[in-house]
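J.: Using the sequences provided together with the hints, build the complete structure.
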Amino acid sequence: MRAVWTLLKKELKVTFVTPLAYVFLGVFLFLAGLFFYMGIVMTGEASLRVMMGNLAISLLFVLPMLTMRHFAEEQKAGTFELLMTSPISPVALILGKWLSSMVMCSLMLIGTLVFPIVLEVYGDPDWGIIFTSYIGLFLVCGAFTAAGLFASSLTNDQVAAGMGGIVLLLPFWLIGNADALVGDGLQDWLDKLALLPHLRGFTRGVVDSADVAYFVAFAFVFLFLTYRTLESRRWR
Amino acid sequence: MIEVQGITKRYGPFVAVKDLSFSVGEGRVLGFIGPNGAGKTSTMRVLTGFLPASEGSAKIAGFDVFEKPMEVKKRVGYLPETPPLYQELSVGDYLQFVAELRGITGAESLKRIGEVMERVGLRGWERRILGSLSKGYRQRVGLAQALIHQPPVLILDEPTSGLDPAQMVGVRKLISDLRQDHTVVLSTHILREVEALCDDVVVINKGELAAKGTLDEVRLAHAPVRYRIGLPGVDLDKAANAVGALDQVAQVRLVDGGLEVSSPEDPRVAIAATVVNAGWALQSLERLAPSLEDAFLSLVGAEGELL
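Protein chains in written order, with the working numbering: chain A, 100 to 335; chain B, 971 to 1277.
Everything labelled a hint here was simulated from the structure, so no lab data went into it.
Where is the CB? At the ideal position from N, CA and C, for every residue including glycine.
One or more hints might be untrue.
Not everything, but these chain A residues come out facing chain B in the computed CB check (under 8 Å) [to be verified]:
#1 A102
#2 T105
#3 K109
#4 K112
#5 V113
#6 G177
#7 T178
#8 E180
#9 M183
#10 S185
#11 I187
T.: Written as structure tokens, this is what we have:
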């Protein structure tokens, strides 16, 4: 698995020598600050509940933009030919790219730690809930970047890959609010598939293994689909 | 070293390569030539394991490219048509990355990077950003990338395209140095390059094999044989008419100080008789060495475009 490390290093180098990484961190922290402020003003509580829920939804739009370049750009620049003619497995390639996105996500989340610190200074937040909320958000990042990576493997056009990632994720958000359309019975089922109901527990301080399994399975399915896409090139 | 058996490559209904077979012996340099769109790049992509063949098989160093792709990839250095560079990285970081992809690490990788940079003339360029390099230097980095793991087989897709004449000479010299320890397949439009570098030639046209063999075999078999007649101080139009009327002569062309004729059978005796009978001075009458360009043009026809 040394190849994974090699690819991870390369991805981070490419990300951090361009303005891309800094723009992402900046935009994400700006949004987080906005949601934090809104949450305090709306609820008057020393909690991150509002910020976490809103951040999860904004990640749905932000993360496909982070992952869109991964395979699309390699294909366009011809470097994909270098990777595919090197003695590395597609699995290592996918893991290297996915882990590099997760490193970026971790940095984004670490940046938001300033907000619970502010809460601690001016109030009395529940650190247990804050901790589980971050676990939840981290799992969301894993799931979204996996879906974004899959979208990127389908095309050599970055914009199409970014939009594709968003379109892929949107239904998982929307079906969580479909009760007016489909009635409560079906909604109970849709909630099992939808994203936000699985995040709810984490923002209340509960780590349910079913919720963890949901996000892990979500990421795994899309990473597996990415693998199949790359592998199918061999048979085309 | 390289065995290609009846390879066909289709993209949907379009057939890019059709039933192509050839082989390359160890330490040989094969020139792979054909007009644009003849299927050169597709064939090379099949050989490197980047694309699967629709039919047929290829073996490199005894390993089937489809069944044992990892073994093949370890043994092949590949320079695609556009050098596969990450614009954002420096030359040193990029070569470090490629070395690690190839499983070369630590002190060994530093040594290899130094060697290949020296070899392709990039010494002192470690810190330059790839995106800022000129075409010639990008090509050199592409070559360095293909050489870093000392592969027994090198596959170079148009290694000199887009270079200025001085750089072309440099790259050609590099390739002829490489022949000592590598088997090389290179594609090109430049036939002089093939004549200068290659032992063997494969000509393809519209995806099909047009000719293969050693350089001399292809030249002799496919170039129309031409003769040059030196006629100083003679009215060349008149002479051309007289010589052109001979049965053995297929075509006559006026050249500086004489005529050039092409002919399937040796017309020298008949020409000499005609010239002497007309009372002209016959300075020389020689058979010209067949050129690859003639062979190429006769193989791919007028549709073949050349650079």
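J.: Against this structure, judge whether each hint is valid.
T.: Hints, one by one, checked against the model:
1. A102: holds (7 Å)
2. T105: Interface hint status for T105(A): holds (4 Å vs cutoff 8 Å).
3. K109: holds (5 Å)
4. K112: Result: holds, 6 Å to nearest chain B Cβ.
5. V113: holds (5 Å)
6. G177: Interface hint status for G177(A): holds (5 Å vs cutoff 8 Å).
7. T178: holds (4 Å)
8. E180: Holds, because the Cβ-Cβ distance from E180(A) to chain B comes to roughly 5 Å (cut-off 8 Å).
9. M183: holds (5 Å)
10. S185: holds (4 Å)
11. I187: At 6 Å from the nearest chain B Cβ, I187(A) passes the 8 Å test, so the hint holds.
Of the hints listed earlier, there is not a single one the structure fails to meet.
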